[in-house]
Amino acid sequence: MTDADPSRPGLEDSLVVMDIADRMRRRADTLDRASDYESRRQALRERLEGLYAAQHIDIDTATLDAAIEQHLARRLTHRPARGLAAALARLYVRWLAPRQDRPAVER
Amino acid sequence: MAEPDSNDARIARLQARLADNETRQADLWQQFADARAQSLAAGRIAGALTRSDRRMLELRDARHAHGQAIERAWQEQAQRESRRTEVLAAAREPAETAAAAHAACRAAVEGELQADADYRRAAQDYERTRQTLSDLQDRLTDARAELEAKRGAFEQDRLFVYLLNRGYASQHYARWGWARRIDDWIATIVDFNNAYADYSLLKDMPAWLEENITRITALKATHEQALARHWEQAARASELRRLRDRAEQARLEAEQQAETVAQERARDAALIAARDDYRAQNDTYAQQMRDIYRQSFRDQPLSALRSLAAQTATDLDARAVDSLARLQREHADLCQRLASLSDDDDDDDSVS
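Taken in sequence, the protein lines are chains R and Y. Going by the working numbering, the first residue of the first sequence is number -17, and it counts up by one from there. Going by the working numbering, the first residue of the second sequence is number 27, and it counts up by one from there.
None of these hints come from the bench; they were simulated from the model. Predicted model, so just to flag it, every value in this text is computed and none were measured. Just so it is clear, CB atoms sit at the ideal spot from N, CA and C, and this is done for glycine as well. Hints may be right or wrong, so weigh each one.
To be verified - With the Cβ distance kept under 10 Å, some of the chain Y side facing chain R (calculated, not the full set):
#1 F186
#2 T214
#3 W234
As the list claims (entries may be wrong) - Beta-carbon label-pair distances, calculated as ranges:
#4 Y:T240 / R:A49: 40 to 50 Å
#5 Y:D210 / R:D11: 22 to 32 Å
#6 R:R57 / Y:D151: 28 to 38 Å
#7 R:A44 / Y:T240: 31 to 41 Å
#8 Y:R109 / R:L46: 50 to 60 Å
#9 R:A55 / Y:A296: 19 to 29 Å
#10 Y:I239 / R:D47: 19 to 29 Å
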């Protein structure tokens, strides 16, 4: 039995590289879709117009656009947790967590 | 029986008199300066001129020239405007002709190039990249605005920042036992996985778009070069270049002319706006002329003023100097009384 040619990539290498490439491609797709604000607006507008038309409901473009803007403004937002559990977690982070893990800047 | 004045009332009265004295002195200085200037203008000064006199003469000449310029601008404004309109039209016409000749030649050459399939492909590639680039730039503006608007909510959440610093849910995370369980619990509370996905998307979008813009800009430059090669190889390339240079030159000349005309208009407008001030003797030259003697005589002894006044044929100067002397004596007396009253006031305060 001869040794494998070291210059030829093994199956494992190929799979790893394919996996990385695949992840990069998926990430690029996600970023592309997320950053394509105008297409997203347009697609939403067309879909909603279709839905309203199917139900024989008249809706003016300004209302539709305002609703879409509100919806887009809500995406990728974050609301800090509230309640007892969150308060306890904050106490832990403030006083009990190792110093190097605490948020650097007091906000 | 009238009540005797309090110390404060007497101080206030003396201060009012002092202020009045200073105003009258200022008026007299002004009178003296005006009289001196009039004597100078009328050539009634017998002795050698002082430095202030010479400066006054310079200012008078400059003011005279300024006045003439204002009157010229005022009287000739209609003619000047009409001449400027003609100049602008004359400069614009060759620029428009040259631009039209260049556009016609360019359209003809492009018509010839369109017959070439390679050129058509290159033009389509260029147009596609140009549109992509423009689209990416718009997206980048939106992405940056969204990042600035929304990052604060993530970065101000102590729990989210704690897990982020900890490297939670990444390959660098290395905590075990109770510490890990507590972190898991905190991650559940803040819904870390979803929040982190949103946060990283928010942060990565501008960077990813910038990378793409750099790449597409380079691609656009390549397509531009390919297109430029086609244009260079066209039969009438040299004629087109010549026409383009001529159009550019004519455009620059027209712009320069427009700039010159705009500057002239602004100058004339400023002159005309200064006309009322000039007539009211309120222009800068008049103000400097008024101040010149006042500034230079302010610190001189009255004897020096008297000798200057003696050089002139009018007696106004001499009277002004006498009044000044009286006012200065009164001023010194008022200051002394005020000082003594203030001292009494201080003594009363310390006793009480």
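Status of the hints after comparison with the structure:
no.: 1; hint: F186; result: holds, 7 Å
no.: 2; hint: T214; result: holds, 9 Å
no.: 3; hint: W234; result: holds, 5 Å
no.: 4; hint: Y:T240 / R:A49: 40 to 50 Å; result: violated, 36 Å
no.: 5; hint: Y:D210 / R:D11: 22 to 32 Å; result: holds, 30 Å
no.: 6; hint: R:R57 / Y:D151: 28 to 38 Å; result: holds, 34 Å
no.: 7; hint: R:A44 / Y:T240: 31 to 41 Å; result: holds, 38 Å
no.: 8; hint: Y:R109 / R:L46: 50 to 60 Å; result: holds, 58 Å
no.: 9; hint: R:A55 / Y:A296: 19 to 29 Å; result: violated, 50 Å
no.: 10; hint: Y:I239 / R:D47: 19 to 29 Å; result: holds, 28 Å
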